[in-house]
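Residue numbers (the numbering used here), protein chains in the order written: chain A, 1 to 118; chain B, 1 to 110.
Since the hints were made in silico from the structure, they are not lab data.
Careful, some of the hints might be misleading.
As the list claims (entries may be wrong) - To give an idea of the chain B side of the interface with chain A (calculated C-beta under 8 Å), a few residues: (1) Leu11; (2) Pro40; (3) Gly43; (4) Ser46; (5) Tyr76; (6) Ala86; (7) Tyr96; (8) Lys97; (9) Gly101; (10) Ala102; (11) Val106; (12) Val108; (13) Arg109.
As the list claims (entries may be wrong) - Stretch by stretch, here's where chain B covers chain A in the computed footprint (C-beta under 8 Å, at least three residues): (14) 15-22; (15) 39-48.
Cβ coordinates follow ideal geometry from the N, Cα and C atoms, glycine included.
Take a look at the letters that make up each chain.
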Amino acid sequence: GAVVSQHPSRVICKSGTSVKIECRSLDFQATTMFWYRQFPKQSLMLMATSNEGSKATYEQGVEKDKFLINHASLTLSTLTVTSAHPEDSSFYICSASGRTSSYNSPLHFGNGTRLTVT
Amino acid sequence: KQEVTQIPAALSVPEGENLVLNCSFTDSAIYNLQWFRQDPGKGLTSLLLIQSSQREQTSGRLNASLDKSSGRSTLYIAASQPGDSATYLCAVPNDYKLSFGAGTTVTVRA
């Protein structure tokens, strides 16, 4: 089946620094990638949707200048948490779809990145 | 706005018992419904995708039913095993994105 690789799986950084998370589709071309955030015992909250070669679409309440998303190729999207603060500590998960819509197309998820900001 | 609810939030059963996980959604005009499994500290693994035209979908010991008119889906796991311990989430398309339930955390006791 389709594989999505997310790296790193865990990262600890100091407050004020930036962290980059990579999401790669290994065996298919991902025209659309989704970035989610998950708090303990809560559901996934969509942060942004990125289509290859265009600007990401951010959900309401998500700061686009803080969470920079780049989707420069059909196999790679990156999420950069800029000037991280302890409240940014969370579990971040990406997913990828080979179509521009999630309708009728199962999404494939990365294994997530646990970010801890000290 | 589509809202997805999963009850119960947690479930503990002895090995061998059948599992019944519930998912409800407020807007019945859905294209499909997907069930996922999430292990602690991991991403999501797709288990079953059931189309709006289907009433159920099966994969091995897993069976998912869908009743659009009542806004409900049920995931059945037959003869549970300790390896089935995980959080199970359901999700439905909501415009261009997926709306997820908060999940049901299952513990299967050996």
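Each hint tested on the structure:
1. Hint on B/Leu11 is violated. Least Cβ distance to chain A is approximately 14 Å, over the 8 Å limit.
2. Given hint, B/Pro40 at the interface with chain A, is violated; its Cβ is 10 Å from that chain's nearest Cβ, farther than 8 Å.
3. Because the smallest distance between the Cβ of B/Gly43 and any Cβ of chain A comes to about 4 Å, under 8 Å, the interface hint for this residue holds.
4. This hint holds: B/Ser46 has a C-beta 5 Å from the nearest C-beta of chain A, less than the 8 Å allowed.
5. Given the 8 Å rule on beta carbons, the hint for B/Tyr76 is violated: about 20 Å separates it from the nearest Cβ of chain A.
6. Interface restraint check: B/Ala86 against chain A, minimum CB-CB distance 14 Å, threshold 8 Å, status violated.
7. Using the Cβ-Cβ criterion of 8 Å, the hint placing B/Tyr96 at the interface with chain A is satisfied: the shortest such distance is roughly 6 Å.
8. At about 5 Å, the closest approach between the beta carbon of B/Lys97 and any beta carbon in chain A falls short of 8 Å, and the interface hint on this residue holds.
9. Checking B/Gly101 against chain A by beta carbon gives a least distance of about 6 Å; that is within 8 Å, so the hint holds.
10. The interface hint given for B/Ala102 is met, as the beta carbon of that residue sits about 4 Å from the closest beta carbon of chain A, less than 8 Å.
11. Hint status for B/Val106: violated, given a least beta-carbon distance of 14 Å to chain A, over 8 Å.
12. Because the smallest distance between the Cβ of B/Val108 and any Cβ of chain A comes to about 19 Å, over 8 Å, the interface hint for this residue is violated.
13. Hint status for B/Arg109 relative to chain A: violated, with the closest Cβ pair at about 20 Å, above 8 Å.
14. Check on the region 15-22 of chain A: 0 of its residues sit with their Cβ under 8 Å from a Cβ of chain B, so the three-residue criterion for coverage is violated.
15. Counting residues of the region 39-48 of chain A whose beta-carbon sits less than 8 Å from any beta-carbon of chain B gives 5, enough to reach three: the coverage restraint holds.
Hints 1, 2, 5, 6, 11, 12, 13, 14 from the list above are not met by this structure, while the remaining hints are.
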